[in-house]
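K.L.:
So the chains spell out like this:
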Amino acid sequence: MRLNPRWINKLVTWALTFQAVLAVGILVAIILVIFIKGAPHVSLGFIFSYPEDMGRHGGIFPSIVATVLLGLLSLVFATPLGVGTAIFLTEYTKESTFTRIIRFGVESLAGIPSIIYGLFGFIFFVIKLGMGWSLLSGTLTITIMVLPTIIRTSEEAIKAVPNNLRMVSFSLGATKWETVTRVVIPSAMPGILTGIMLSIGRAVSETAAVIFTMGSSLRLPTSLADSGRTMAVHFYILAREGISLEKAYGTALILVMTILIINFVAYYLMNRMVAKYS
Amino acid sequence: MDSKITIKGLNLFFGKTQVLKGVNLDVYRNRISGFMGPSASGKSTLISVINKLVFFEEAVRTEGSVYIDGQNILGNGLSDVALRKKVGTLFATPIPLPRSIFENIAFGPKLNGTWKKSDLYAIVEESLTKAFLWDEVKDRLDDSALKLSGGQQQRLCLARTLALKPEIILLDEPCSGLDPISTLKIEEALAELKSEHTIILVSNNTKQIARACDFVAFLYLGELIEAGTTDKVFTYPDAKMTEDYIQGKFG
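Read top to bottom, the protein sequences are chains R and H.
For the first sequence, counting from 1, position 13 maps to 13 in the numbering used here; every step adds exactly one.
Each number in the numbering used here corresponds to the 1-based position in the second sequence with 1000 added.
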C-alpha cells in the first residue's frame, strides 16, 4: 500500500513542528525553573555584596567578577591564537599532511572532557610553572579548552568566503595580508563571532577545569595571581555541600543572565557588522 | 604603431595540459584590442597571464615572455602587487565587495595609502563619472553595493578598477551577464577610456568585438590563428577558420 504523498507531507510537517517546539520548550522550561527558584533570592544586594559564612548569607559579587574576568581574559588569549591558526590553515597553506595533522589534533582536542584539561592545567600551570591556583592558571587552561571551537568555526567561516572576492582584492593590487584583513576576515566575521560566543559560554559555565586551576577562594580576585571562585563553581559548591540551595539558585539565575547578556551584545555587534559589510 | 604589451612565444601548461601554444602578439597603446574565440580557446587564460592571476591556479607553468613597456612581467623584476596596480581587471560577472558603493571604489586607493576623506571622495566621483554611473548613485554612495542592479554593479567594478588609474584594463567577457543597454553603456565608457588606457576586451560575441575594438586577435584551442585591425580581420580574414567563426559557422 502506498500512502498519499499529501498526507505524508502533512504528517512530516506536524512531526517536525513538534520536534522544534519540544527542543525550544525544554530550553524555556530550564530557564523558567531557574528563574522561578532563583528570582526570590536575587536583589541588588545579592549582586553587589560579598558572601558571608561560606556563601550561606550575603551576595556573590566576587564570583561575578571572577567569572567575567575569566571569560574575557581567556578570549583575549584564545581569539588571536584561534583565528590566527584558522587563517594559517585556510589562507597560508595548501592541503597537506601537515595541515591534516593540525586539523586532526584540533578535532581531537575538541572531544577531550573538560576535567582532563583541568588536570593538565593543574599539573602544568599550577604545579610545574608554579602559578598556583590563580586567575592566570584558570585563564590559560580555559584558553586551551576553547581553542578548538574557535579554530573550527573560524576556519569554516573563512572557507565560506567566496574565492572571487579574494581574486577581486588581488586584482586591485592587494597583498595576501591586505586581502585577508580587509576582505576575508570582515566577510567571515559573523561566523567567527559565533565561535567566540560559544567559547564565552563554555568559559563562563565551566566548573571542572576551573576548580582544578583557579581554585575556589571566595575573595575578590584583584590580580592574575589571585585565586577566585566563578559563579558556576560557587553554584556547584553551594549545592553539592548543601550550604544553601536558595543562594545556589540565585547564583544560577545570575549566571544564566550573564550568558544571555553576552549573547545579546554579541548579536548586536554582529548585526552592526553585517549591516556595514553587506 | 606603439606596442604597450608584447607577448613572445608564450606557452602555458596546467599540469600536463597545454592551454596556450606559442602565442606571439602585440597589444597597442591607447587602443581597444579584442580577443575572441570559442570556449577553451585560451583567450581568458591569456589575459590572466597579463595580470598574473593565473598563478593562483594549481600547477601552472609558463614559457616565453610577456613584456609591458619593455619589462618582462614573467621575470623577477616586477612584483605581482606592483603589476596589478598597473593592470586593472574586470571579471565576467560583477563582483562587488560586500560594502558600500563608496568603500568599493576607495578600496584600491586606500591600499595605496590615500586615506583622506576628501581625496577619496574626489577619486570616487571621478571614477564613477568615467564609468557612466555617477548620476545614478551620487545620492546613495553609502548604500551597499550589493543593492545595485547587475549592470550597475559591473560599471561599479569598472569604476573600482579606474580608481587605481591603471595603464592597462583587462575585461574578461564583462558583458556576458548583462542586458543590451548595460552592455552599450560599458562600451560607451570604454570608447572614452582608450585615450588614457590600453584596453583588452575578451568576448565571444563577435558583434561586440566588431563594434568596440580597433584590433582583434582570434584564438582557437590555445593558438593565435590571426590578428590585425578589426576592419581587416572582419572583411578579409587570412584564415578560413577566422571567417567561419565570424560568420557563426562554429563557436
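Hints are not guaranteed to be accurate.
Said to hold, decoys possible - Only some residues are given here: those of chain R computed to face chain H with a beta carbon under 7 Å:
(1) D53
(2) N164
(3) V168
(4) S171
(5) L172
(6) G173
(7) T175
(8) S187
(9) G201
Hints listed in this document are in silico derivations from the structure and should not be mistaken for laboratory results.
Built from N, CA and C at the ideal position, the CB exists for glycine as well.
K.L.:
Please go over all the hints and tell whether each is borne out by the structure.
P.N.:
Going through the hints against the structure:
1. D53: 57 Å, violated
2. N164: 5 Å, holds
3. V168: 5 Å, holds
4. S171: Cβ of S171 of chain R sits 4 Å from chain H, so the hint holds.
5. L172: Status holds, d = 4 Å.
6. G173: With a closest approach of 4 Å, the G173 of chain R hint holds.
7. T175: Cβ of T175 of chain R sits 6 Å from chain H, so the hint holds.
8. S187: Since chain H brings a Cβ to about 6 Å from S187 of chain R, closer than 7 Å, the hint holds.
9. G201: 28 Å, violated
The structure does not agree with the numbered hints 1, 9 stated previously, though it agrees with the rest.
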